[in-house]
Amino acid sequence: MLKRLLLSTMGLTLTGLCFSQEKPAAPAISIYGFIRNDMNYDSRQNVFVREGQLDLYPKDKDLQSDGKDYNKKSQLNILGILTRFGVKISGPDAFKAKTSAVIEGDFFGQSDVNIGLFRLRHGYVKLDWKKSALTLGQTWYPLFIPECFPGTVNFNTGIPIAPFGWAGQIKYTAKLTDKTSLSLTAYKPREFAVSNVNSADNANAASMNAALPELNAHLQYKAEKVLLGAQVDYSMLKPYIKYGTAPNLLISDETVSGLTAMAYAKFTGKKIAVKTQLVLGQNTTHWVMMGGYYGYKTSATSIETYKPAKTTAAWMDIYGTGKKIVPGLFVGYSANNGAKAGATAAYGRAIGMSGRGVKDLLRVSPRLDFISGKLSFRNELEFTQAQYGTRSNEGKVTGTTDKITNVRFTFSTVFNF
Numbered sequence: 347m348l349k350r351l352l353l354s355t356m357g358l359t360l361t362g363l364c365f366s367q368e369k370p371a372a373p374a375i376s377i378y379g380f381i382r383n384d385m386n387y388d389s390r391q392n393v394f395v396r397e398g399q400l401d402l403y404p405k406d407k408d409l410q411s412d413g414k415d416y417n418k419k420s421q422l423n424i425l426g427i428l429t430r431f432g433v434k435i436s437g438p439d440a441f442k443a444k445t446s447a448v449i450e451g452d453f454f455g456q457s458d459v460n461i462g463l464f465r466l467r468h469g470y471v472k473l474d475w476k477k478s479a480l481t482l483g484q485t486w487y488p489l490f491i492p493e494c495f496p497g498t499v500n501f502n503t504g505i506p507i508a509p510f511g512w513a514g515q516i517k518y519t520a521k522l523t524d525k526t527s528l529s530l531t532a533y534k535p536r537e538f539a540v541s542n543v544n545s546a547d548n549a550n551a552a553s554m555n556a557a558l559p560e561l562n563a564h565l566q567y568k569a570e571k572v573l574l575g576a577q578v579d580y581s582m583l584k585p586y587i588k589y590g591t592a593p594n595l596l597i598s599d600e601t602v603s604g605l606t607a608m609a610y611a612k613f614t615g616k617k618i619a620v621k622t623q624l625v626l627g628q629n630t631t632h633w634v635m636m637g638g639y640y641g642y643k644t645s646a647t648s649i650e651t652y653k654p655a656k657t658t659a660a661w662m663d664i665y666g667t668g669k670k671i672v673p674g675l676f677v678g679y680s681a682n683n684g685a686k687a688g689a690t691a692a693y694g695r696a697i698g699m700s701g702r703g704v705k706d707l708l709r710v711s712p713r714l715d716f717i718s719g720k721l722s723f724r725n726e727l728e729f730t731q732a733q734y735g736t737r738s739n740e741g742k743v744t745g746t747t748d749k750i751t752n753v754r755f756t757f758s759t760v761f762n763f
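The numbers in the sequence shown follow the numbering used here, run straight up by one, and end at 763.
Do not take every clue at face value.
With a cut-off of at most 30 Å between alpha-carbon atoms, the simulated DSS-like pairs for lysine-lysine come out as follows [unchecked claim]:
{"#": "1", "residue 1": "Lys670", "residue 2": "Lys434"}
{"#": "2", "residue 1": "Lys616", "residue 2": "Lys571"}
{"#": "3", "residue 1": "Lys418", "residue 2": "Lys405"}
{"#": "4", "residue 1": "Lys434", "residue 2": "Lys444"}
{"#": "5", "residue 1": "Lys643", "residue 2": "Lys742"}
{"#": "6", "residue 1": "Lys525", "residue 2": "Lys477"}
{"#": "7", "residue 1": "Lys612", "residue 2": "Lys669"}
{"#": "8", "residue 1": "Lys670", "residue 2": "Lys568"}
{"#": "9", "residue 1": "Lys568", "residue 2": "Lys477"}
{"#": "10", "residue 1": "Lys405", "residue 2": "Lys419"}
{"#": "11", "residue 1": "Lys521", "residue 2": "Lys442"}
{"#": "12", "residue 1": "Lys617", "residue 2": "Lys669"}
{"#": "13", "residue 1": "Lys534", "residue 2": "Lys442"}
{"#": "14", "residue 1": "Lys534", "residue 2": "Lys434"}
{"#": "15", "residue 1": "Lys568", "residue 2": "Lys643"}
{"#": "16", "residue 1": "Lys476", "residue 2": "Lys442"}
{"#": "17", "residue 1": "Lys670", "residue 2": "Lys720"}
{"#": "18", "residue 1": "Lys477", "residue 2": "Lys434"}
{"#": "19", "residue 1": "Lys720", "residue 2": "Lys434"}
{"#": "20", "residue 1": "Lys521", "residue 2": "Lys472"}
{"#": "21", "residue 1": "Lys476", "residue 2": "Lys612"}
{"#": "22", "residue 1": "Lys444", "residue 2": "Lys418"}
{"#": "23", "residue 1": "Lys643", "residue 2": "Lys571"}
{"#": "24", "residue 1": "Lys742", "residue 2": "Lys405"}
{"#": "25", "residue 1": "Lys742", "residue 2": "Lys617"}
{"#": "26", "residue 1": "Lys568", "residue 2": "Lys669"}
Pairwise CB distance ranges (calculated) [claimed, not checked]:
{"#": "27", "residue 1": "Ser648", "residue 2": "Leu605", "range": "23 to 33 Å"}
{"#": "28", "residue 1": "Leu558", "residue 2": "Leu528", "range": "19 to 29 Å"}
{"#": "29", "residue 1": "Lys434", "residue 2": "Ser478", "range": "18 to 28 Å"}
{"#": "30", "residue 1": "Leu675", "residue 2": "Ile377", "range": "25 to 35 Å"}
{"#": "31", "residue 1": "Leu675", "residue 2": "Leu409", "range": "28 to 38 Å"}
{"#": "32", "residue 1": "Asp748", "residue 2": "Pro712", "range": "17 to 27 Å"}
{"#": "33", "residue 1": "Thr759", "residue 2": "Leu522", "range": "36 to 46 Å"}
{"#": "34", "residue 1": "Ser478", "residue 2": "Asp547", "range": "32 to 42 Å"}
{"#": "35", "residue 1": "Gly701", "residue 2": "Glu600", "range": "47 to 57 Å"}
{"#": "36", "residue 1": "Leu727", "residue 2": "Leu522", "range": "39 to 49 Å"}
In short, the hints are calculated from the structure, not lab data.
Glycine residues also receive a C-beta, built at the ideal position from the N, C-alpha and C atoms.
Go ahead and model the full structure; you've got the sequences and the hints to work with.
The following block contains the structure:
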């Protein structure tokens with residue numbers, strides 16, 4: 347009897363030791379991405395980056411002494427810099443949460459001088475509990491909704507009408523019900539910078555000097571066929587901290603705040619789906635939209651104060667839900683709404699307080715995709731119209747305007763893996 351008891355005890359002890367020495371499960375790793383090649387043809391000169399891969403809007407007329415518009419010249423380029431590579435990692439559990447991480451990049455480069463070099467798009471860790479989640483790292487701006495963004499062929503993805511880009515952030519999501527969630531995000535602009543007063547400052551210096559993160563609250567309802575959401579976003583910049591040189595050095599504590607409201611919706615039917623978004627924004631430069639802020643000085647030696655530029659933008663994307671031949675249509679509009687009168691300087695994109703400027707933008711982009719397995723041939727015609735006129739010192743275009751239109755044809759080859 348004693349012998350049996352000893353043997354049983356030893357067996358249980360050895361079994362426990364074996365289990366205690368088992369190694370934790372290795373993380374699951376998956377690789378994804380695509381090889382992409384784009385041919386872009388433009389009917390006239392545009393405001394763009396990366397050798398025309400990312401176009402924003404057509405340039406104004408450039409009339410010379412012979413009466414010809416020198417910007418009415420076509421362009422064509424073929425680029426493969428959008429080729430993308432990513433790694434997804436999941437597990438093991440930590441802090442009683444399921445863990446995952448993503449590293450993703452492409453060859454778009456950080457600027458025009460290093461086009462073709464690898465650029466980080468996403469690099470974040472996520473902890474997921476049953477009723478909440480925490481995301482830490484670089485990923486989409488809160489205003490970019492991964493489930494509801496323009497499905498255009500053009501890499502501009504609707505910009506400068508639709509918000510776009512990535513930011514370093516801390517995001518907490520509470521799952522209120524099985525279909526409703528509330529996310530609170532603190533973030534700093536990263537990939538596409540805010541505007542600085544001093545061009546010699548580091549990128550995003552105006553954001554860093556504010557020593558306060560941009561704050562966003564996001565309420566979302568997500569069902570099988572319906573997606574609805576709304577956000578409020580608050581930002582603060584400190585554009586300049588000192589003026590001039592000793593002994594005439596001036597120290598500035600002036601800031602400029604921006605308050606933005608956004609709403610979006612997506613409806614999915616049997617054969618078609620619809621996405622839409624509305625943005626009522628202030629100081630929207632870092633989302634690659636028109637906007638920024640204006641400076642005000644009472645004299646050449648006074649400290650500059652600031653007011654945010656106001657921007658309105660709305661878009662709709664209608665597309666088929668088929669698997670082989672997929673048509674789509676994007677329509678978007680954005681307007682510069684100016685700021686307080688009396689501006690003496692402007693810092694941002696497509697804004698100013700004198701001379702010629704953009705009043706609004708209109709874009710219509712029909713597309714047609716052909717899909718076979720992992721390979722897609724995507725075609726799109728993009729009509730972008732910029733309405734140019736004379737700006738007042740409140741940033742608005744008044745009086746007679748000229749409608750300048752560019753037509754872009756894009757043929758894209760995408761092989762997914």
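Tested hints:
1. Lys670 - Lys434: holds, 27 Å
2. Lys616 - Lys571: Holds: Lys616 and Lys571 sit about 10 Å apart, inside 30 Å.
3. Lys418 - Lys405: Status holds; Cα separation ~9 Å.
4. Lys434 - Lys444: Judged against 30 Å, a Cα distance of about 14 Å means the pair holds.
5. Lys643 - Lys742: holds, 19 Å
6. Lys525 - Lys477: The given pair, whose Cα atoms are some 12 Å apart, holds under the 30 Å limit.
7. Lys612 - Lys669: Since the Cα atoms of Lys612 and Lys669 sit roughly 19 Å apart, the hinted pair holds (cutoff 30 Å).
8. Lys670 - Lys568: Given pair Lys670, Lys568 holds - Cα atoms ~27 Å apart, limit 30 Å.
9. Lys568 - Lys477: Answer holds: Lys568 to Lys477 is near 15 Å, not above 30 Å.
10. Lys405 - Lys419: holds, 11 Å
11. Lys521 - Lys442: holds, 17 Å
12. Lys617 - Lys669: holds, 11 Å
13. Lys534 - Lys442: Judged against 30 Å, a Cα distance of about 28 Å means the pair holds.
14. Lys534 - Lys434: holds, 24 Å
15. Lys568 - Lys643: Violated. Lys568 to Lys643 sits at ~48 Å, over the 30 Å cutoff.
16. Lys476 - Lys442: holds, 10 Å
17. Lys670 - Lys720: At roughly 11 Å apart (the allowed maximum being 30 Å), Lys720 and Lys670 satisfy the hint.
18. Lys477 - Lys434: holds, 22 Å
19. Lys720 - Lys434: holds, 19 Å
20. Lys521 - Lys472: Distance ~15 Å between Lys521 and Lys472 Cα, so the pair holds.
21. Lys476 - Lys612: The given pair, whose Cα atoms are some 25 Å apart, holds under the 30 Å limit.
22. Lys444 - Lys418: Violated: Lys444 and Lys418 sit about 55 Å apart, past 30 Å.
23. Lys643 - Lys571: violated, 52 Å
24. Lys742 - Lys405: holds, 18 Å
25. Lys742 - Lys617: This hinted pair is violated, its Cα atoms lying about 42 Å apart.
26. Lys568 - Lys669: holds, 23 Å
27. Ser648 - Leu605: 23 to 33 Å: holds, 26 Å
28. Leu558 - Leu528: 19 to 29 Å: At 22 Å between Cβs, range holds.
29. Lys434 - Ser478: 18 to 28 Å: holds, 21 Å
30. Leu675 - Ile377: 25 to 35 Å: Holds: the Cβ-Cβ distance is about 33 Å, inside 25 to 35 Å.
31. Leu675 - Leu409: 28 to 38 Å: holds, 34 Å
32. Asp748 - Pro712: 17 to 27 Å: Because 25 Å falls inside the window, the suggested range holds.
33. Thr759 - Leu522: 36 to 46 Å: For Leu522 against Thr759, whose Cβ atoms are near 43 Å apart, the range 36 to 46 Å holds.
34. Ser478 - Asp547: 32 to 42 Å: Given about 38 Å between the Cβ atoms, the range holds.
35. Gly701 - Glu600: 47 to 57 Å: Once the Cβ atoms are compared, 25 Å apart, the range 47 to 57 Å for Glu600 and Gly701 is violated.
36. Leu727 - Leu522: 39 to 49 Å: This hint holds: roughly 42 Å between Cβ atoms.
Checked against the numbered hints given earlier, the structure breaks hints 15, 22, 23, 25, 35 and satisfies all the rest.
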